[in-house]
Amino acid sequence: MEALQKKARALLEAGTVKVVIGYTAGTDVERARAFFARNAEQTQQLIFDARCCQNLATYLMKPEVKALGKAALVCVPGALRTLMQYAVENQLADETVLALAVTDAGEVVELPKFAAVEEYLAKMPRGLTPEQQQELDRIDKLPLEERWAFWAAELARCVKCYACRAACPLCYCSRCITDVNQPQWVPVASDPLGNLEWNVVRAMHLAGRCVDCGSCADACPEGIRIDLLNHVLAREASAHFGAEPGYSTRKDYALSAYKPDDKEEFIR
Amino acid sequence: MAEFEPKVVAFVCNWCTYAGADLTGTSRIKYSPNVRMIRLPCTGRIDFMLLLQAFGQGADGVIVSGCHPGDCHYTAGNFHARRRWILFRRLIEFMGIDLRRVHFAWVSAAEGAKWAELVTNVVDEVRKLGPYQSFPKRLDGQPKPVEVA
Amino acid sequence: MKVGFFPGCSLEGSAREYNESLQAIAPVLGFELSEVPDWNCCGATAAHTLNHKLALALPARILALAEKAGLTELLVPCSACYTRLAATRDELIHDEALRRDISSIIELPVTGRTKVLNVLDVLAACASDGLKDKVRKPFAHKVACYYGCYLTRPEKLASCKRAEDPQEMDDILRLVGAEPVDWAFKVECCGAGLSVSRTGSVAELSGRIVADAADRGAEAIIVACPMCHTNLDLRRDAITEKRQTPYSIPVLYVSQAIGLALGLSPRSLGLHRHHVPVRLPERPAPSPEPALQPSGPKED
Amino acid sequence: MPRIGVFICHCGENIAGTVDTAAVAKNAADFPGVVHSIDYKYMCSDPGQNLIKEAIKEKKLTGVVVAACSPRMHEPTFRRACAESGLNPFLCEMANLREHCSWVHEKGEATTEKATDLVRIMVEKVKRNRPLYPISVPVTKTALVLGGGIAGIQAALDIANAGHKVVMVEREASIGGHMAQLSETFPTLDCSQCILTPRMVEVAQHPNITLYTYSELESLEGFIGNFKAVIRKKARSIDETTCTGCGACIQKCPTKKIPSEFNAQLGMRTAIYVPFPQAVPNKPVIDRKNCTFFKNGRCKLCERVCPAKALRYDQEDMLVELNVGAVVAATGYQVKDTDFFPEYGYGAHKDILTGLQFERLASASGPTQGVIKRPSDGQIPETVVFVACAGSRDPAKGINYCSKICCMYTAKHAMLYRHKVHSGKAYIFYMDIRAGGKMYEEFVRRAIEEDHVNYVRGRVSRIYKKNGKLIVKGVDTLLNSRPVEIEADMVVLATAMVAQPDAEALAQKMKVSYDENKFLSEAHPKLRPVEMNTAGIFVAGACQAPKDIPEAVAQASGAASKVIGLFSKDELSREPVVAVVSRMGPPDFSTCIGCFLCESACPYQAIEREEIKARDGRLIKTVAKVNQGVCQGCGTCVALCRSKSIDLQGFTNEQVFAELVTL
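Residue numbers (the numbering used here), protein chains in the order written: chain R, 1 to 268; chain F, 269 to 417; chain W, 418 to 717; chain G, 718 to 1380.
Quick caveat, the hints were computed from the structure, so don't treat them as lab data. Careful: at least some of the hints might be erroneous.
Claimed, not checked - Computed list of lysine to any residue pairs in SDA-like fashion (alpha-carbon distance at most 25 Å, straight line): (1) G/K1228 / G/E1292; (2) G/K1228 / F/H336; (3) R/K62 / G/G1311; (4) G/K1286 / G/N925; (5) G/K1137 / G/I1188; (6) R/K113 / G/T1339; (7) G/K1183 / W/S665; (8) W/K573 / G/R1179; (9) F/K298 / G/K824; (10) G/K1190 / W/G610; (11) G/K1338 / R/L98; (12) W/K419 / W/G680; (13) R/K70 / G/E1328; (14) R/K263 / F/R368; (15) G/K1183 / W/D588; (16) G/K1342 / R/A87.
One chain only, chain R, in its complex shape (with noise of 0.2 Å):
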């Protein structure tokens, strides 16, 4: 932590850049929650440990942050993917952001360049863990109609808040497609047919870009188990497209990618 907070210091002093977003002591203690450290004597307040889970890189997209100058981004490995998937989707320039990561050991690692933070990542752990695996087949082997039911409780419980847009680093949209009213093509109220329509084309907008950072599951106020269907996408996207987005800034977005020989068993 002293670590971060010197660091953060340093780059605001030497002028490297004009805010640190890190995070800060929550209003309850499980919580940490995001801080823009605009200059040295706020550094005092960076926290980092186990409470520091959320995907800071999101800000990167909002005007007022922009607004700000260069920053330097306290990342946690959902963070570091999420700056590669914007610099495939032409949202980020390279060396316009500072990326951060603190090691298990607790010491800073500063990543000034796109290439730096690949090959941070590629020493990481990719695809899907056992558990998350797990849950997809749990819910896979189930009959049509329970699983029907299951997501018909799930969404049932969605209030069409967008808590989980908002948190989703790459729902970065200025016109999301929900607020597109001719034709609206996702009913407004947060009814059966709209709130099915609104996490399907979630998930279908996010499927081959996902970095699987978690933050729309954690956002969600009703714990809606949103998260499974980007893993079940991602899984899907990976075993037949190789897509694995967020560990490189090649862009190969598997939706806007084809093989001739693409394989599939469905189709007449």
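Use these hints to put chains F, W and G onto chain R, whose structure you have.
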């Protein structure tokens, strides 16, 4: 009471399947009248949201059909579409949507008979399944597309 | 190194000397032959013309037994056996359903993990393993290396690089002091397929091979296949009759030639079993000894 | 409020026979927005069309739905009718009541109900149609012709003679291509160079043609009518403007033993050389790989003897940028070499030749002045065996197709040989004789009957050398399949005609498609044989498929006429069914967020990046922009766009959505 007659919506590309269905007509091959065709330039144009819409509007089954791989009038539209369907289909399967009501096919401009057979089979299958009651419908009061001047 | 060994029927009979010579050179060259227990007929050549499954089941059983015996590599000296085993292995590896089917037929698990080697594969390994230094009495003769049909075909299975003009045997023999001639019949048919049914044709086909080898000044024909040997050696009288010219050129198994170079006794190599007496002109090793030429087309 | 007119066609009995058209018209009248709904026997007839035209005027219709046959049949007809009475043609839609309803369903309520629905669907759609106007794209009236072989020459001359500018790019030092290498041409046996060289000169002297030899296409950007091509002019080491082509340098060059490409390796050339005497331009080039000076820094003999002082050793490759409106690819072919055939000795035998090499032997301008001699010892061959289908039509060899010209040129070769060596024996091993073409069969008969060429129907299994002879082992399948052996002095293989080694790279540069054999693919195998799937790029000659001279020339003229057609207008207009990216006023300017994931989804590379800048030049955002000249309107990008910022004119989200809502 009369037997349930399913509503099936077919999203087809203009160059292969729509033309194939034209051939079904010119060859006077009969098939079930339960299908309503939506003509689009290419399967690549078919947004997965349209499929949900169709069900939301009360369709009991959906057909998506276009050119065979390699035959796309736009060279690659159907390849992109195929990837989209692979993922979309997996997702709705995972969510418990009934895949027996969602059918994908390649029907070329020369396959008039295949088109007739496809429609009849799908309609029969969906008829057996009955109306898709469990799928949520677009409620009245939801804004319908506005009347334009 | 320990190598599995499948002699097959001919090495028990008409080609005993092939077996004997291999057994003789093995210890000198430092490989140990461990015979597959309870082996059976490979099915050549009748089976695959009659029944595909049978043609696969027979070699599959041999492969299964080799696997059971924990053999990772299997030397199959007879070219016919070699093709049958190699082809079977290839099919088993590439067709899971078929593999299960065959496995149930032979009532043995079979994966195709055991690699099938022909004599040239093994000798090539020895070549890179200091064969040159083990030479006691250089086999300093002009030789015509005769590969026959099976060692280079089908191309996808064969280890020979140039199917129509293989060099592997030539390279090995250069190592032991021989001087291979460039000739035209390296991979021509000896007529083995008609060996019993149309012996006339066999004499015709084999005759051309013997003739071309002799015409180009070879002192010996070197073979690696029992059928080839039978047709070129045992049928020599028929050949002589057909061509109205006597040919005395002897036919040696590659293992025999190497055996001689290693200084082993002709008897231990079974040379006395040949029909055409093996009389090779005595002459000192040509010096400087021809170095190993890179294979490739020879400009004419 | 929209004012939609609905016109139901009986199509005689075709529709009315099964669909209650009157009922449909009646139902349609009640659809919201419909102000006029009638049915009539033949809507496509003049009176039928007049009904529509009058209604548009009288009822002030804002949209028209014609419920009749397939739009693929009559959409143009009815849109024209609308246009003629002042309604934008894209405000007219068709409901397919015939092919998709009356013809495929039994007479009955369900069918009429479906018909009604089909009309309702189209009414809902047409309400949301917007007037569209044809897109016009400017055309640069200069054609780029790639390849200076006979196909390229023909295309270039045709286009130039029609009064348009042409830029011809040839990678070799001279134009002429393979045809310049040929001796005589079938079926007339007229000398190839005699008919070709005048055309070569014509190209060089044509006021409308700019010629770049020893040059290659570096890159090609843009779209139909508006391509930007970059040409790499390879360093010739000669100043072409001052060089007089006197040839003194060639006389003096000390490096004389370089196998001549033009003579198919049979002759030798110097390091500074012109490929052949009648080369166009007749200006030498230094082959730097073999030049003594470039190899070890000393020599420069050529410079000393050059009266024009035209040597430029320090010359470098030059990049020339050109704006062109159309491209004709005529990059030609290659033939497989003899080392492709293991069974024929892996290319080891000097006296086994390719057809192209024999052409050089037979050519009066060839290395032997047209005397047929064995490369190995210069002897006149007494027996020559010609092998047709060497590689071609042979899946095992990986060349499944027929090279098409071999049957003819093999017959020609045998003839030429017999004419030159009267005592000689000529054999041709063949599979079939494919002599389809004007005077072709007659030509082959002549070879057999007058020149006594021995045709042996069968394949050659092996060729080997013995006592100075080439022993050709084959089979004669007509003499109850006897194996045959021929002692030949020379063997000529009609080796397969294959694509240029870099054909794939070229296709990718031009973003056109090619087949599994690397031949360039025409847009449609029957109906669009000279166009490519990329608009504005055309194909001619053997780079598209094996073909002989007449065919190559015909295709070249075809391609040329397409180019001339394209150039006949200052602007070309196309259907406005294209994608558009949303635009709006500040502060957003567009809902596009610029992720550009749509870029790679576009089969036509039609999506460009537009920088939206503030007055002070500050970049506000970069958003997608569809190049309407390139977009073909498939809509793949539309379905992909998450924020629905791209839409497809004529099939907008709003329209399609509305169609669904009618269910």
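Evaluated hints:
no. : hint              : in the structure
1   : G/K1228 / G/E1292 : holds, 22 Å
2   : G/K1228 / F/H336  : holds, 22 Å
3   : R/K62 / G/G1311   : holds, 15 Å
4   : G/K1286 / G/N925  : holds, 18 Å
5   : G/K1137 / G/I1188 : holds, 23 Å
6   : R/K113 / G/T1339  : holds, 22 Å
7   : G/K1183 / W/S665  : holds, 21 Å
8   : W/K573 / G/R1179  : holds, 20 Å
9   : F/K298 / G/K824   : holds, 11 Å
10  : G/K1190 / W/G610  : holds, 20 Å
11  : G/K1338 / R/L98   : holds, 22 Å
12  : W/K419 / W/G680   : holds, 23 Å
13  : R/K70 / G/E1328   : holds, 22 Å
14  : R/K263 / F/R368   : holds, 20 Å
15  : G/K1183 / W/D588  : holds, 23 Å
16  : G/K1342 / R/A87   : holds, 20 Å
Violated hints: none; the structure is consistent with every hint.
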